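J.: Chain by chain, the residues run as shown.
2 protein chains.
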Amino acid sequence: MSKELIFGHSNPDTDAIVAAKAYSYLQNKLGYDTEAVALGEPNPETQFVLNYFDEATPRVISEASSEVDSVMLVDHNEAQQSVSDIDKLTVTHVIDHHRIDNFRTDLPLYYRAEPVGCTSTILTKMFDENKVEIPAQLAGLMLSAIVSDTLLLKSPTTTDDDKIAVKALAEIADIDVDKYGIEMLKAGTNTDAKSDQELIDSDAKSFDMNGKNVRIDQINVVDFDDILKRKADILKAMETEAGSENYDLFLVLVTNVLNSDSKMIVFGEPKDAVESAFNGSISDDMMNLPGVVSRKKQVVPQLTDVLNK
Amino acid sequence: MSKELIFGHSNPDTDAIVAAKAYSYLQNKLGYDTEAVALGEPNPETQFVLNYFDEATPRVISEASSEVDSVMLVDHNEAQQSVSDIDKLTVTHVIDHHRIDNFRTDLPLYYRAEPVGCTSTILTKMFDENKVEIPAQLAGLMLSAIVSDTLLLKSPTTTDDDKIAVKALAEIADIDVDKYGIEMLKAGTNTDAKSDQELIDSDAKSFDMNGKNVRIDQINVVDFDDILKRKADILKAMETEAGSENYDLFLVLVTNVLNSDSKMIVFGEPKDAVESAFNGSISDDMMNLPGVVSRKKQVVPQLTDVLNK
Chain L
1 MSKELIFGHS NPDTDAIVAA KAYSYLQNKL GYDTEAVALG EPNPETQFVL
51 NYFDEATPRV ISEASSEVDS VMLVDHNEAQ QSVSDIDKLT VTHVIDHHRI
101 DNFRTDLPLY YRAEPVGCTS TILTKMFDEN KVEIPAQLAG LMLSAIVSDT
151 LLLKSPTTTD DDKIAVKALA EIADIDVDKY GIEMLKAGTN TDAKSDQELI
201 DSDAKSFDMN GKNVRIDQIN VVDFDDILKR KADILKAMET EAGSENYDLF
251 LVLVTNVLNS DSKMIVFGEP KDAVESAFNG SISDDMMNLP GVVSRKKQVV
301 PQLTDVLNK
Chain W
1 MSKELIFGHS NPDTDAIVAA KAYSYLQNKL GYDTEAVALG EPNPETQFVL
51 NYFDEATPRV ISEASSEVDS VMLVDHNEAQ QSVSDIDKLT VTHVIDHHRI
101 DNFRTDLPLY YRAEPVGCTS TILTKMFDEN KVEIPAQLAG LMLSAIVSDT
151 LLLKSPTTTD DDKIAVKALA EIADIDVDKY GIEMLKAGTN TDAKSDQELI
201 DSDAKSFDMN GKNVRIDQIN VVDFDDILKR KADILKAMET EAGSENYDLF
251 LVLVTNVLNS DSKMIVFGEP KDAVESAFNG SISDDMMNLP GVVSRKKQVV
301 PQLTDVLNK
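Chains L and W are the protein sequences, given in the same order.
So the first sequence is numbered by UniProt numbering: it starts at 1 and just counts up by one.
So the second sequence is numbered by UniProt numbering: it starts at 1 and just counts up by one.
Don't read these hints as lab results, they were simulated from the structure.
Any given hint might turn out to be false.
No copy labels: a pair is met if it fits in one copy or bridges any two.
Claimed, not checked - Within a straight-line C-alpha distance of at most 25 Å, the following computed DSS-like cross-link-like pairs (lysine-lysine) qualify: (1) Lys131 - Lys163; (2) Lys167 - Lys131; (3) Lys194 - Lys231; (4) Lys194 - Lys131; (5) Lys194 - Lys229; (6) Lys263 - Lys154; (7) Lys179 - Lys309; (8) Lys309 - Lys229; (9) Lys125 - Lys205; (10) Lys29 - Lys179; (11) Lys297 - Lys167; (12) Lys88 - Lys154; (13) Lys231 - Lys88; (14) Lys125 - Lys163.
This one's a predicted model, so the numbers in the text were calculated from it and none came from an experiment.
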């Protein structure tokens, strides 16, 4: 059997890299000859995970057909998320937890998708089904991927299967999930390393709401204080940018990924529309948005509604 | 949870109908509310199987969106093989053993494909994984589907998983696989019900080979005698049709699906080219083709080669 590469999606997150490593380990135990690679460098969260469990960073590739004929995909299936030369390769296996789109094969293949929170949850089941033991370090990686994808089992995508997998993996890795998970998520939301300008730019989008030029940024944190301690400086950066870019209203949504709450820093006008949209009051340029985590679903439509009245 | 329909491909074979029944049984045990239906009437083989195990023929549907929002597919995924209004439906589960093509979803789903000989082989594993017992009658149906798809585990698509599944199902159903399997395959290749004209027409294709008008038909049997006993009449029908349709050469390939051999009835000229192509001699208007089962791969290219010399 000739060698195959296994990889997750481009711009990889923790699950994309960990699932490739885990599936490669499993497949090699089952007699395949595979190597886990990545379609990009690990992000800070993933690098923290690899360091923590003393696991090697996978080799980064930009194309695969010069070295193999066949590949196995994890954590994705859509061609535009995959390796650049996917059209020249035979996909023999896919393990994924996303919708299926822009994917086709000439030949029958092994495809396993489940609507769970994380690819590593499916892989945990597959180790069990194939009676292959998960080494402690690998269990630590897989647990990290599930914690990452499900925000410590609190995101709405979390299923019972994810919870069962985390429990089993925590026992194998001998890890206190909550303690470790918060440390890991913190590593991925390290706002201290970013300038005020980077913070208000990195995930910002502009919206035209009934003639108002509205800018909305989102920053994920595990501790509101990481941002609140810099609020005055951030507000100043917002004011400067609003002036140069002609934003009427500039909102910075600070989302605590651990408890699914947000606070919002508000610059500009109309402030009464913001208070009306989110049913609260702005105090000290800030308002609380309990239960809000999604800009797309919980911020933009509500503000658009009020400004259109 | 609202009701979902489960079905195999249109123009259903035994696996398409049996896999729908088996998956519906499993899913209902796991808490879903499903009904197995079919996209066409059972063929003679499938009807034999349903009668043998005293199982109900599934309801035939031509569209699904008037009664359900969501469906589960077995033994197919390509839209053109599915129900007519598949675009209006949400596919929540797929169990299949074919390539993936012309298939997409908006949402994550459960998809399980394996490159094995039969969908019912995958389902046999899933009953085991979910610790759900297969009732004896259902085991008989599932065994029949595997025997049908793999021609009694002898087709080149057969895998170890198919063999393991058949062994397990035969024990549950308390069936002598070879004895029952031949009886079942016979029911699906009932040539006695067809006229001589139907036999030489039903799967015939014409080929232009270097100016020669060559007609090649293929008839599947489980016993050569079913055709040999009618050879004189079939040959007469071939002669009549060759005259009216101007065939230079008319070949009827009779394939024994049980032992992967063929015999060929030959009418017309050049007979020496036929003998040369298949490395044998014609005796009594017939020649033996040991090991030949595929017209596309083992007959047409060889004869084309010789006639082009």
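J.: Give a verdict on every hint.
T.: Hints, verified against the model:
1. Lys131 - Lys163: Answer is both; intra-copy 20 Å and inter-copy 20 Å each pass.
2. Lys167 - Lys131: both (18 Å within a copy, 21 Å between copies)
3. Lys194 - Lys231: within (14 Å within a copy, 86 Å between copies)
4. Lys194 - Lys131: neither (45 Å within a copy, 51 Å between copies)
5. Lys194 - Lys229: within (14 Å within a copy, 87 Å between copies)
6. Lys263 - Lys154: within (18 Å within a copy, 66 Å between copies)
7. Lys179 - Lys309: For Lys179 and Lys309, neither the intra-copy (46 Å) nor the inter-copy (77 Å) Cα distance is at most 25 Å.
8. Lys309 - Lys229: neither (36 Å within a copy, 87 Å between copies)
9. Lys125 - Lys205: Neither way: Lys125 and Lys205 sit 39 Å apart in one copy and 48 Å across, limit 25 Å.
10. Lys29 - Lys179: Cα proximity of Lys29 and Lys179: none, with 32 Å in one copy and 38 Å across.
11. Lys297 - Lys167: For Lys297 and Lys167, the Cα distance exceeds 25 Å both inside one copy (31 Å) and across copies (53 Å).
12. Lys88 - Lys154: Close neither inside one copy (40 Å) nor across copies (32 Å); limit 25 Å.
13. Lys231 - Lys88: Neither: 51 Å inside a copy, 49 Å across copies.
14. Lys125 - Lys163: Result: close both inside a copy and across copies, 12 Å intra and 24 Å inter.
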